[in-house]
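Protein chains: 2
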Amino acid sequence: MKDCCTLAVDAMGGDAGVGVTVPGARMALERHPDLRVLLYGDSATLKPLLAEFPRALRQRVEVRHADVAIRMDEKPSQALRKGRRVSSMWLAIEAVREGEAQAAVSAGNTGALMAMSLFVLKPMTGIKRPAIAGLWPTMRGQSIVLDLGATIGADAEQLVDYAIMGEAMARSLLHVEQPSVGLLNVGVEEIKGVEEVRRAGRILREAALPIHYHGFVEGDDIAKGTVDVFVTEGFTGNIALKTAEGTARQVADFLRRELTASWWTKLGALLARGALRNLKKKLDPRESNGGIFLGLNGIVVKSHGGTDALGFANALTHAREVALYDLVENIARDLSAKKMMADFLDTRQENGAQQAAPARNAG
Amino acid sequence: MKDCCTLAVDAMGGDAGVGVTVPGARMALERHPDLRVLLYGDSATLKPLLAEFPRALRQRVEVRHADVAIRMDEKPSQALRKGRRVSSMWLAIEAVREGEAQAAVSAGNTGALMAMSLFVLKPMTGIKRPAIAGLWPTMRGQSIVLDLGATIGADAEQLVDYAIMGEAMARSLLHVEQPSVGLLNVGVEEIKGVEEVRRAGRILREAALPIHYHGFVEGDDIAKGTVDVFVTEGFTGNIALKTAEGTARQVADFLRRELTASWWTKLGALLARGALRNLKKKLDPRESNGGIFLGLNGIVVKSHGGTDALGFANALTHAREVALYDLVENIARDLSAKKMMADFLDTRQENGAQQAAPARNAG
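Same order as they appear, the protein sequences are chains Z and S.
Count the first sequence with this note's numbering and you get residues 1 to 363, in order.
Count the second sequence with this note's numbering and you get residues 1 to 363, in order.
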């Protein structure tokens with residue numbers, strides 16, 4: 001049980017626990033014949049559920065018992081105290097560190113999952129804080145947005161790290177060879193954004209990193225899919241994500257109310273039901289389920305806590321794709337290129353400053 | 001030409017200039033028989049356009065010549081140099097300071113308009129930086145969101161000021177007696193948001209201001225209309241606004257594409273056209289056009305630069321409503337109540353600290 005792809009699944013996480021994670025894992029196994037799953041949780045609960053799987057699928061699952069399940073409302077500190085080395089969440093992450101699995105997937109509580117991931121996997125060299133990256137449906141297809149709320153108040157260097165990590169993820173998940181990267185900013189003339197965002201823009205423009213940097217983008221560019229990767233700080237990213245989800249639901253709700261208002265509109269909706277079904281599928285948050293923790297020495301995917309089996313299976317599919325691509329190794333290589341470039345630029349800047357000094361005196 | 005309501009209109013602002021502002025002003029005059037308009041701009045251009053108005057409307061308009069029009073792409077500093085005392089934008093704002101008009105309306109560039117408004121009207125006592133507040137369509141009706149991008153990086157005291165100003169605006173524009181106020185925050189457990197947002201929450205909870213403070217809200221609460229007033233810092237507010245606008249357009253675009261995919265869906269769309277028309281109206285950004293500058297000694301309303309006559313007329317309607325309500329006086333009263341309360345709390349805290357000291361030693 002090595003090679004690609006073995007996923008370590010926290011079977012006890014999420015609002016519905018095994019009721020969603022087990023059928024979700026089954027769907028993913030059916031989809032991907034190369035997939036193996038380590039299922040962490042209460043074995044007395046899991047074994048009977050697994051017995052219902054067809055034999056061919058069952059052979060690709062291994063149940064690993066965990067005494068403790070982390071609750072959805074537990075604080076990260078509580079979760080760490082109670083769940084260290086014994087919870088399904090911890091053990092699934094540990095399987096990634098030990099090389100037994102290429103990624104861990106959990107629908108458990110985000111705070112606990114991030115705390116344990118940091119504790120077990122540790123941040124990559126040169127990364128201060130991790131980010132959560134998500135797929136975002138756009139008019140052009142899909143884009144990646146990060147950080148969706150792992151870290152609050154990123155400085156310019158962190159934003160550049162997010163750009164590097166998001167770009168690598170876009171290559172793996174969106175299959176774009178040279179993904180474009182934009183920095184979220186505000187368009188109002190007199191302010192032109194936060195100092196750190198402007199500084200990050202300068203670094204991305206001047207550092208000659210192997211990244212296709214597009215420039216600043218605004219909130220409405222996300223829906224347009226103007227770039228493949230949208231980079232922003234976690235507070236703004238989290239609020240933008242939830243605002244968009246809310247707006248999509250709001251428009252769908254308006255539409256439903258209007259279409260059931262009269263017999264004519266109901267008949268119209270009946271005739272156009274294929275179109276409405278397609279629209280629903282396009283807006284389905286389950287399609288893009290699975291926030292990916294970037295910046296750790298290993299991949300952890302956070303599924304939405306309230307998703308169903310299909311949504312959870314999609315999180316496993318996304319985990320498999322980033323695992324296939326060796327995302328962590330790719331990011332590490334890009335980060336060391338950045339480091340070299342930054343050192344080079346620092347040197348050049350110092351020389352430049354020395355040369356500039358006499359000129360200023362002369363002026 | 002005193003009393004309510006006289007609006008000073010920058011006729012030269014916006015992408016289409018007089019082609020939108022003049023018919024927009026006309027629509028507003030038709031709507032509101034109590035409305036008078038001071039029309040600032042090139043009188044040689046404006047007078048012939050005005051000659052086409054019915055006489056009864058024409059009597060409620062006064063053209064005031066301005067030599068200079070501020071361009072949409074001018075920087076605030078350029079605009080100030082070139083437009084001070086002579087531009088239509090400047091003169092419209094000045095009419096508010098002089099008490100000739102109760103509010104100024106411009107579709108001109110936001111940066112220049114904010115710079116001139118600050119220069120001419122000055123911030124209210126106790127207000128560090130102004131905010132831009134906007135109406136936002138929700139599932140429950142309408143809410144107010146601020147700051148939409150006037151100021152970047154508000155501290156706790158500024159967020160509390162926004163809460164006070166937004167609450168007064170909700171009373172005037174939404175006609176809610178006791179509007180509820182929420183602070184935008186992220187829901188992720190381990191971070192619980194920016195320190196300044198948490199501090200603002202503490203002040204709003206403990207200061208016993210005459211405000212119905214609901215607590216923290218998240219991005220998806222905006223579409224739900226969970227509270228009447230959403231308070232956030234300008235960078236996040238601007239990105240949330242544009243993300244929502246983009247998402248609404250995206251969903252409408254998906255719907256349009258799907259409904260034109262086959263003859264069946266086209267027929268369905270034809271039968272349901274009343275419903276689709278209503279949906280379009282509900283999502284129409286012209287309905288909520290007009291960002292209101294709050295925190296200045298006078299009201300300035302920023303219309304979207306690319307709107308049409310209907311959108312511009314709506315901005316005038318919103319300006320009239322806040323003028324009718326004496327928004328500035330109401331905000332000033334609330335701010336001084338806050339000041340008193342804050343002083344009282346400061347004193348109490350100091351006393352409390354002294355009393356607590358021996359207890360701590362004893363413990």
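Treat the hints as calculated values from the structure; they're not laboratory data.
One thing to keep in mind: the hints can contain errors.
A pair holds if it fits inside one copy or across any two, identical chains being indistinguishable in the list.
Unchecked claim - As a list, the in silico EDC-like pairs of lysine to aspartate or glutamate whose alpha-carbon atoms are at most 20 Å apart:
no.: 1; residue 1: 339; residue 2: 196
no.: 2; residue 1: 82; residue 2: 94
no.: 3; residue 1: 82; residue 2: 42
no.: 4; residue 1: 47; residue 2: 67
no.: 5; residue 1: 75; residue 2: 195
no.: 6; residue 1: 281; residue 2: 98
no.: 7; residue 1: 282; residue 2: 253
no.: 8; residue 1: 47; residue 2: 220
no.: 9; residue 1: 282; residue 2: 245
no.: 10; residue 1: 266; residue 2: 195
no.: 11; residue 1: 122; residue 2: 34
no.: 12; residue 1: 339; residue 2: 321
no.: 13; residue 1: 224; residue 2: 284
no.: 14; residue 1: 122; residue 2: 94
no.: 15; residue 1: 224; residue 2: 321
no.: 16; residue 1: 122; residue 2: 245
no.: 17; residue 1: 82; residue 2: 177
no.: 18; residue 1: 281; residue 2: 177
no.: 19; residue 1: 122; residue 2: 157
no.: 20; residue 1: 122; residue 2: 100
Since we're looking at a predicted model, the values are computed, not measured.
Which numbered conditions among the earlier hints are violated in the structure presented, ordered from lowest to highest?
Hint check: 6, 8, 10, 11, 12, 15, 16, 17, 18 fail, others pass.
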